[in-house]
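A.B. asks: Protein sequences, first through last, are from chains A and B.
Mapping to the numbering used here: the first sequence position 110 is 110, numbers consecutive.
To convert, count from 1 in the second sequence and add 1000; that's the numbering used here.
Just so you know, the hints here were simulated from the structure itself, not pulled from any lab data.
Check before you lean on any hint, since a few could be wrong.
[Unchecked claim] Here are the simulated lysine-lysine pairs, DSS-like style, with alpha carbons at most 30 Å apart:
#1 A:Lys156 to B:Lys1103
#2 A:Lys248 to B:Lys1054
#3 B:Lys1128 to A:Lys153
#4 B:Lys1103 to B:Lys1092
#5 B:Lys1103 to A:Lys248
#6 B:Lys1128 to A:Lys177
#7 B:Lys1083 to A:Lys248
#8 B:Lys1083 to A:Lys177
[Said to hold, decoys possible] Short, incomplete list of chain A residues facing chain B, as computed with Cβ under 8 Å:
#9 Glu64
#10 Leu67
#11 Lys156
#12 Ser158
#13 Gly169
#14 Ala170
#15 Ala171
#16 Leu184
A virtual CB, placed ideally from N, CA and C, is assigned to each residue, including glycine.
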Amino acid sequence: MKNEYLPIGYAELSLMGLPLILLLYLYARLGIAVVRKTLRSVFRMMIQLTVAGAALVTLFRWNEPWLNFIIFVAMVTFAAQSVSSSSSLSLRRYGAGLAAGMFLSVFPLGLFTAQVVLHSPQFMDIRYFVVLSGMILGNMLRSAVVAHSHFFKELKNSPGSLEYRLSLGAAPWEAVKSLFARSLTASMEPQLAAMMTTGIVFLPGMMTGQILSGISPIEAVRYQILIMLLIFSGAGFGGALSLYFSWKVSLHAGAALPGQGALPTKKNFVSRGG
Amino acid sequence: MLLEATDILFLEGKKSVSLRIDSSSRIRITGSSGSGKSTLLKILAGLKQPLAGKLNRQNNIRQGYVPQEMPPLYLPSLRLFIKEIMSYSLHKKESQKMQNLLKREMEFWELQESLLDSRPDSLSGGEKQRFLISIALSMDPQILFLDEPTSALDASLKQKVRNRICSMSVPVLLVSHDSVWNDCALEEVSLEE
């Protein structure tokens, strides 16, 4: 198989508007009120990707490790902001913990994959380190949101579980450990399901993209396996670490849960059997 | 003195409560539904912070707490929950003793050992309540906090709980509407205005 791809010109790309127009026509006929929203989303997607493409061209040209590190930190910051807003947690209170959890899991993973596994030609190369880290972060977002939403929703709706365990002499971490494990399990379900069905039910976007760009399917599969393992580990470490830090923040704040009264802390829980 | 609560404000708009509990105290907290009895009990048990006031508790009290309902345990079986309790750093040294006590309590409360392999949410209301009482008593408590401990039990089991608790020589703080406690010589703290 030749390593070649079929280039897309703007005229060919605009043809992809035809199925979209057909779909929107159908929506309009059926009274499904998403036409404006769809048009706005499509427009935003095109603008954002065009800007990102232009920025990447420049950044690929510069490709300075310090600049790539700053880009990485900015990505982590946005990811932390996104998790806090999707999980209804105060960014001011939880943002730093979320960002620290994500940084500590994605940075070593991204660096390990880029430098040790792929033998990136440059330290913190934008093409490998930043792109792979972005991929891990993007997928970690979903897991972190599910883990945080599940954990804090349960703490808010069923404080009795925590109170009961504390009454039995559990230390704060011992009291939340089961809920923590359950929240992480829930957060990893989609990742596990994706791994179980990849290659049978669907072909992943990255692998399809590589095949379309002329890379041999076998090579594309190897990359895809690497990416899936990376994404799974990233989601697992990132979800666990960021949730742990968020829990620590809520514990030290004493009454840190949204809409919830005071939670027991080490300070006010004095009943320790002897 | 095991516990001293001074001007504890437990609910917004309610009058504050002061009480003192020593080794012979037996207190029944009464009040209408929504008057904050369970909240006050949790505060006294050190599980919630009061809105205002001061709570002094003697350090290292072993307490038994029976909540109004079995909370979500997030575990597939009661056996795993017992295992979790035994793994708490506080109980590690005495886990065998506690396990023996629990076994004895479960027998006393007519709970089969096979129940431990059940999903916690599959138990009947009465079984849950007896299980919670068994756990609380297996802590070898120096003080008991009981929140409606007989609400899901039949008349004979209610009497059994009442007889056991009233014959114990540990201080008791009880929230209950049940008349079975009427002759247990409990001091009453009313939360009615």
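A.B. asks: Next, verify each hint and record whether it holds.
C.D. replies: Cross-check of the supplied hints:
no., hint, verdict
1, A:Lys156 to B:Lys1103, "violated (33 Å)"
2, A:Lys248 to B:Lys1054, "holds (26 Å)"
3, B:Lys1128 to A:Lys153, "holds (24 Å)"
4, B:Lys1103 to B:Lys1092, "holds (17 Å)"
5, B:Lys1103 to A:Lys248, "violated (36 Å)"
6, B:Lys1128 to A:Lys177, "holds (22 Å)"
7, B:Lys1083 to A:Lys248, "holds (24 Å)"
8, B:Lys1083 to A:Lys177, "holds (13 Å)"
9, Glu64, "violated (47 Å)"
10, Leu67, "violated (45 Å)"
11, Lys156, "violated (13 Å)"
12, Ser158, "holds (5 Å)"
13, Gly169, "holds (4 Å)"
14, Ala170, "holds (5 Å)"
15, Ala171, "holds (6 Å)"
16, Leu184, "violated (12 Å)"
When each numbered hint is compared with the structure, violations occur for hints 1, 5, 9, 10, 11, 16.
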